[in-house]
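Heads up: the protein sequence lines correspond to chains A and B, in order. Position 557 of the first sequence, counting from 1, maps to 557 under this note's numbering, and the rest follow consecutively. Position 85 of the second sequence, counting from 1, maps to 85 under this note's numbering, and the rest follow consecutively.
No lab work stands behind these hints, which were simulated from the structure alone. Hints are not guaranteed to be accurate.
[As the list claims (entries may be wrong)] If we take Cβ atoms under 8 Å as the criterion, some of the chain A residues that face chain B in the derived model are:
| # | residue |
| --- | --- |
| 1 | 231 |
| 2 | 275 |
| 3 | 284 |
| 4 | 298 |
| 5 | 302 |
| 6 | 331 |
| 7 | 460 |
| 8 | 464 |
| 9 | 470 |
[Stated by the list, open to error] Mimicking DSSO-like on lysine-lysine, the simulated pairs with C-alpha atoms at most 30 Å apart in a straight line are:
| # | chain 1 | residue 1 | chain 2 | residue 2 |
| --- | --- | --- | --- | --- |
| 10 | B | 261 | A | 469 |
| 11 | B | 454 | A | 364 |
| 12 | B | 235 | B | 593 |
| 13 | B | 597 | A | 319 |
| 14 | B | 597 | A | 103 |
| 15 | B | 364 | A | 525 |
| 16 | A | 463 | B | 261 |
| 17 | A | 370 | B | 272 |
| 18 | A | 454 | B | 681 |
| 19 | A | 370 | B | 681 |
| 20 | B | 272 | A | 469 |
| 21 | B | 272 | A | 513 |
| 22 | A | 597 | B | 308 |
| 23 | A | 695 | A | 235 |
| 24 | B | 261 | A | 454 |
| 25 | A | 308 | B | 681 |
| 26 | B | 464 | A | 93 |
| 27 | B | 308 | A | 336 |
| 28 | B | 370 | A | 464 |
| 29 | A | 272 | B | 454 |
| 30 | A | 464 | B | 524 |
| 31 | A | 261 | B | 463 |
| 32 | B | 370 | A | 469 |
| 33 | A | 454 | B | 695 |
| 34 | A | 319 | B | 569 |
All values derive from a computational prediction rather than experimental measurement. Even glycine gets a Cβ: it sits at the ideal position worked out from N, Cα and C.
2 protein chains.
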Amino acid sequence: MSFRDRLLGVFLACAVSISVGAEQVQADEGMWVFNNLPRKQLKEKFGFEPTDAWIEHVMQSSVRFNSGGSGSFVSSTGLVLTNHHVGADTLQKISTAEHDYYKEGFWAKTHADEPKAPDLELNVLQSIEDVTARVNGAVEAGAAPAEAFAARRAIIATIQKESFEKTGLRSDVVTLYQGGQYHLYRYKKYTDIRLVWAPEFDIAFFGGDPDNFEYPRYDLDACLFRAYENDKPAKVEHFLKWSQAGAGENELVFVSGHPGKTDRLNTVAALKFTRDVRAPFVLDLLRRMEIMLQQYGQDGEEQARIAKEDLFGVQNSRKAYLGQIAGLQDAGIMAKKEAAEAALRARVESDPKLKAAYGSAWQKIEQAKKTHAELMVQNAILEQGRGFGGGLFQTARTLVRLAEENAKPNTERLPEYSDAGRASLELQLYSTAPHYDDLELAKLTDGLGFLTEKLGGDNPLVKKVLAGKGPAARAAELLAGSKLQDVAERRKIAAGGKQAIEESTDTLIALAKLVDPDARSIRKKMEEQVIEVERQAYGQISRALFEIEGPSRYPDATFTLRLSYGTVKGYTENGKPIPPWTTMGGAFDHANKHGNKAPWALPQTWHSHKGDIDPKTPFNFVSNNDIIGGNSGSPVINRAGEFVGIIFDGNIQSLVGDFIFDETQNRAVSVHSSSIIEALKKVYGAEALAAELGK
Amino acid sequence: MSFRDRLLGVFLACAVSISVGAEQVQADEGMWVFNNLPRKQLKEKFGFEPTDAWIEHVMQSSVRFNSGGSGSFVSSTGLVLTNHHVGADTLQKISTAEHDYYKEGFWAKTHADEPKAPDLELNVLQSIEDVTARVNGAVEAGAAPAEAFAARRAIIATIQKESFEKTGLRSDVVTLYQGGQYHLYRYKKYTDIRLVWAPEFDIAFFGGDPDNFEYPRYDLDACLFRAYENDKPAKVEHFLKWSQAGAGENELVFVSGHPGKTDRLNTVAALKFTRDVRAPFVLDLLRRMEIMLQQYGQDGEEQARIAKEDLFGVQNSRKAYLGQIAGLQDAGIMAKKEAAEAALRARVESDPKLKAAYGSAWQKIEQAKKTHAELMVQNAILEQGRGFGGGLFQTARTLVRLAEENAKPNTERLPEYSDAGRASLELQLYSTAPHYDDLELAKLTDGLGFLTEKLGGDNPLVKKVLAGKGPAARAAELLAGSKLQDVAERRKIAAGGKQAIEESTDTLIALAKLVDPDARSIRKKMEEQVIEVERQAYGQISRALFEIEGPSRYPDATFTLRLSYGTVKGYTENGKPIPPWTTMGGAFDHANKHGNKAPWALPQTWHSHKGDIDPKTPFNFVSNNDIIGGNSGSPVINRAGEFVGIIFDGNIQSLVGDFIFDETQNRAVSVHSSSIIEALKKVYGAEALAAELGK
């Protein structure tokens, strides 16, 4: 379960979510921010009182993978453990026709053998500061949405830049409770990341798509990177010690990671928009991408290799979205949401002061969702670039906008072009990740087809984009006329600023220029008529909740560091008890049950070392921690702050977790710490590496 | 290239097509009706003058597979040759977990070994009668569309019933030039069809989806059935003799078969509707089905077997539609259509009489397509049943409607319930084809999800259908409460008439009853506001063309028997000459080139007999005959009326053939007659069967 949404781009836009139900947080629900942990619940339920040092240690041992996932430091020598499927983006990018790291796995016996990721950025949270008052203070009371949006953008850019200049740390203002609170997150950043160890794809994703989101499971979904500083392994103060026993049944465990996005507390109108408009659109798009990538992969073995990681991501997202929409289409789940919302609204209506201040919020959101429905397709096509599939158009767009935005003051730029984010933007823009002409052609052809289908063949912009040709012929022409696959060319154009863009004869630069006025226009409408309206309305609801309940809730996930607590325990499915963990021996049984055929074919290394492996070693386990996509790779930690496992999936029952948490069957699935050590030692012969873990 | 649209159901509805461009038929374009063959062109270009006997012989040797395809009699003993992929529907239905005819192939050494198809109907055209005057005479001048539609339905039902009672032959009134002409087609019908021989899937569809619609090609896409009458092999008067040499380069060849549907002569407004509305909708639906079937097939080897033929059909359609939409999105192709239409309209406008009689037609069609766009989704979901995927809902619907329609006079019934078509309807309704609970569940779950997405979770009908549950839980409940998988139960309900329906507690019968008022309502709107409006408008255009040009055009394809002529010849692709045929030896080279891996793995029989096969034997060949989906299995015939090959595909350039014919690259792809004999003798050791062909 990877937080692939970030990669796919379309799906994150306009994530608006906040506490809106009247239901109280109960059970082990919650993705808690580190500056407001549920100390009371932990003490009452588990007798556990985390010290400040414990919290600081866990926070600074946790790592965010900006490619979309989580991880943790597990040695003083900069080792970072994450999922194989989180590392996949890098494994794919460093692979070639000759050496397929993604498929075959890898182990660097010396530091010199550790290959460098072309564009991976890791973030480690250093501090959180509440800047709510400053952000809200910059927006004049009664300002129109457009003005309010601009004012907020400006003060956020200013705060981020000040913080960056003062501390040198990556500084992001995070909107929590959408207008309820704004917090400044400061991260230490690592951009020299190298691969140390990865198992074969066949054991990392054992059982493939059929077993994905299923349990019992038998996956070694883990890999190790090493963070470097100044060309040397980073010396890390905070890292997780390795638990001797690993996770045990009924043990209290914590997950410290970066859940991507939840809509758990959205209003009913917003949930129905997702159910009836957005999720069906996204699913159609995902299926379209899946078939396109399958077709491309059929062209040959090398094409199959090239498409593999993209395809995995799309299939993973498709399965996750199917689970979500199924939940939303379940009248029982929606009824709970409706009841909770009705109760809160009744409470607000019953108090004249609350009613005057907050009573209009729900209707505003309902109206904003109607507008969102009208703008959604154009926004996806033009602004998010789905009508121009593939990476090179995005590169061209970035170059065109970079020149335009650089000419503006920092506070007036699109946020992704602000000074504070410049280094991260350039890491992506100048990435040396491999470029594949034929995959780019397949994606651009499909994108132009999608554009034409959705806007119509007679649309004036479509006609200009296609220039009298069909999508396939036009895509070939556009790619033939561009040099943007060459990083030096990108740097040259970026250095040339506005003049270079104006004078460029590059076909993709020309396309990006052609599309940009319409793209910016639709983005502006989204910002002013949807995002800002919702932000203000959710701000009202948030304040109503604070007044009624106090600050007892966690905000919806925002791909920022959260702590969830829970216990290792099995569950019951169709009347059958599901055990809390599987074993490494069970993997062999599971393979046999499926005739040892793909995707249940264990790698040769496992067959060769079957006799060496202790079959009773716990392999995967479940706990009732509250997680979501983006948590992939999160460490599972015991009371002592030690590493006991690594999150890699949720069971099929957890897929409604975007909207609602159900403790009875909702389970997080992890790789057990013991199996990682066992595999490193017995299967891969990496004794020295195993010894480095936790030290 | 199978005419799978028939199976998928959604796609045939409202096929309206007629000659509307001002372009003259040229080159070897044309799907000619047998009572208006292009004698002049054949004489002038090829010096060929078919005799009445030649025409009669070819007509009565040609066979329509009502499951969606074509074929021919190739022996006096009732042998019918068609494509493996046309026979696939039957091969799948007679297969079990123990014996997979579809995958493994089959050869019946004696008549007693020939397994019977559970629901296959073959039609052989006996005569064509022009009934235009009678049909038009039944519609009063100035009648409103609803009345006109009812009147036409009634007279057609009457004509069909009269003809059937008089001749005992299946009698279909076919609408040609949509209101330009109505012809009565009479067919001899065979419903006892047994399998004689089929090769393995791996050689029938060698190269799989990647090679589909590609050329050069190396497929033995052929199989043999035998028609039985009175439990004995049918004695057939008209069958094709087997050519000794087979098709030769530059030879004049004819294709006699049943092209399913073309929109070649649609108005520009209708083409744009297809481009922007219908084709994108169908493609999304096909991708949805493809992913659903893939997912189902991953559940195990038996599930993969069960899903295989469905999956093949969906993938084939998806690729065909992609080719079509790509053609429509090509501004060059659309410009040709626009120019032709503008010229015709100018000609009509320039003549006051023509203008008064026909000038309003194009606008009427444009309006009808707007209405069609509004109704399309609901029509697909409710009337065509896409919101209730799988076969059992269709069975329930048929039973519910049968009871209701039987109570009406024949002339007032929905056409599929008229007396003339009753036997064909019952063949399907009481089919003993196997039923798979889990596939049905997957399809119904997906269908209910589609329904909910498209109509919205708050739609009152959707709420009633889901009954408070999510799609998956509701689908399981619906299937658990139905006995319709049992053919005896179907017969019992059908025999019980209206009372049995009213009293039934079967959950699917209840669902069909619940949905039927809305489904019938949307169908009525489609008939009266779209189909009838278009029929009248295309009738006007058709008459305008007759007046201007005379009856020199062929009507668009309607899954009725057509003759196309052409020559065997290669073409040039990307500057590279593509030879007119491949060889059987080339198949081994092609397999080697792809590492002998699926889908390029030749069956073991081929490897075992490699030394016996003459590698120079022509295998597949291309000709510039004008064909489309539904032509699959059509015999390719020489001047002497002999069999020289069998159509099985079109090249990728032919996929725009739905709209426009381009002789330069558009090619039909056939299996060469020599390779069928060579394979039967050398690979399969079926000497006796080979000797039976053409005798």
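Evaluated hints:
1. The closest approach between the C-beta of residue 231 of chain A and any C-beta of chain B is roughly 42 Å, which is over the 8 Å cut-off, so the hint fails.
2. Hint on residue 275 of chain A holds. Least Cβ distance to chain B is approximately 5 Å, under the 8 Å limit.
3. At about 5 Å, the closest approach between the beta carbon of residue 284 of chain A and any beta carbon in chain B falls short of 8 Å, and the interface hint on this residue holds.
4. Interface restraint check: residue 298 of chain A against chain B, minimum CB-CB distance 4 Å, threshold 8 Å, status holds.
5. With a least beta-carbon distance of about 12 Å to chain B, the hint placing residue 302 of chain A at the interface is violated under the 8 Å criterion.
6. Taken as an interface hint, residue 331 of chain A checks out: its beta carbon lies about 5 Å from the nearest beta carbon of chain B, inside 8 Å.
7. Proximity of residue 460 of chain A to chain B is violated relative to the hint, the smallest CB-CB distance being about 13 Å (cut-off 8 Å).
8. At a threshold of 8 Å, the smallest CB-CB gap from residue 464 of chain A to chain B is about 11 Å, leaving the interface hint violated.
9. The interface hint given for residue 470 of chain A holds, since its Cβ lies 4 Å from the closest Cβ of chain B, which is under the 8 Å cut-off.
10. Distance check on the hinted pair: residue 261 of chain B and residue 469 of chain A sit about 26 Å apart at the alpha-carbon level, within 30 Å; holds.
11. For the hint linking residue 454 of chain B to residue 364 of chain A, the alpha-carbon distance of about 25 Å falls within 30 Å, and the restraint holds.
12. With a C-alpha separation of about 46 Å, the suggested pairing of residue 235 of chain B with residue 593 of chain B is violated against the 30 Å cut-off.
13. This hinted pair checks out: residue 597 of chain B and residue 319 of chain A have alpha carbons roughly 29 Å apart, not beyond 30 Å.
14. Proximity of residue 597 of chain B to residue 103 of chain A is assessed by CA-CA distance (about 19 Å); at most 30 Å being required, the pair is judged to hold.
15. Distance hint between residue 364 of chain B and residue 525 of chain A is unfulfilled; the C-alpha atoms sit about 37 Å from each other, more than 30 Å.
16. With a CA separation close to 29 Å, the supplied pair residue 463 of chain A and residue 261 of chain B stays within the 30 Å bound.
17. Taking the CA atoms of residue 370 of chain A and residue 272 of chain B, the gap is about 28 Å. The hint holds against a cut of 30 Å.
18. A threshold of 30 Å between alpha carbons decides the hint, and for residue 454 of chain A with residue 681 of chain B the separation of about 53 Å lies outside it, so the pair is violated.
19. Proximity of residue 370 of chain A to residue 681 of chain B is assessed by CA-CA distance (about 68 Å); at most 30 Å being required, the pair is judged violated.
20. Distance restraint check for residue 272 of chain B and residue 469 of chain A: the Cα-Cα separation of roughly 16 Å lies within the 30 Å cut-off, and the hinted pair is therefore satisfied.
21. For the given pair, residue 272 of chain B sits about 28 Å from residue 513 of chain A by alpha-carbon distance, which is consistent with the 30 Å threshold.
22. Restraint check for residue 597 of chain A and residue 308 of chain B: the C-alpha separation of about 18 Å stays at or below 30 Å, so the hint holds.
23. A distance of roughly 12 Å separates the Cα atoms of residue 695 of chain A and residue 235 of chain A; the hinted pair therefore holds under the 30 Å criterion.
24. Among the hinted pairs, residue 261 of chain B with residue 454 of chain A is consistent with the structure: their alpha-carbon atoms are about 25 Å apart, no more than 30 Å.
25. Under the criterion of a C-alpha separation no larger than 30 Å, the hint pairing residue 308 of chain A with residue 681 of chain B is inconsistent with the structure, at around 43 Å.
26. Only pairs whose Cα atoms come within 30 Å are accepted, and residue 464 of chain B paired with residue 93 of chain A is rejected, the gap being roughly 50 Å.
27. Of the supplied pair hints, the one linking residue 308 of chain B and residue 336 of chain A is violated, its CA atoms being roughly 41 Å apart against a limit of 30 Å.
28. Restraint check for residue 370 of chain B and residue 464 of chain A: the C-alpha separation of about 25 Å stays at or below 30 Å, so the hint holds.
29. Simply put, residue 272 of chain A and residue 454 of chain B have alpha-carbon atoms about 13 Å apart, close enough for the 30 Å limit, and the pair holds.
30. Of the pairs offered as hints, the one joining residue 464 of chain A and residue 524 of chain B is violated, with about 40 Å between alpha carbons and a cut-off of 30 Å exceeded.
31. This hinted pair checks out: residue 261 of chain A and residue 463 of chain B have alpha carbons roughly 29 Å apart, not beyond 30 Å.
32. Distance check on the hinted pair: residue 370 of chain B and residue 469 of chain A sit about 26 Å apart at the alpha-carbon level, within 30 Å; holds.
33. The hinted pair formed by residue 454 of chain A and residue 695 of chain B fails the criterion: a straight-line CA distance of about 56 Å is larger than 30 Å.
34. At most 30 Å may separate the alpha-carbon atoms for a hinted pair to count; residue 319 of chain A and residue 569 of chain B exceed this at roughly 47 Å.
When the structure is compared with the earlier hints, violations turn up for hints 1, 5, 7, 8, 12, 15, 18, 19, 25, 26, 27, 30, 33 and 34 and for no others.
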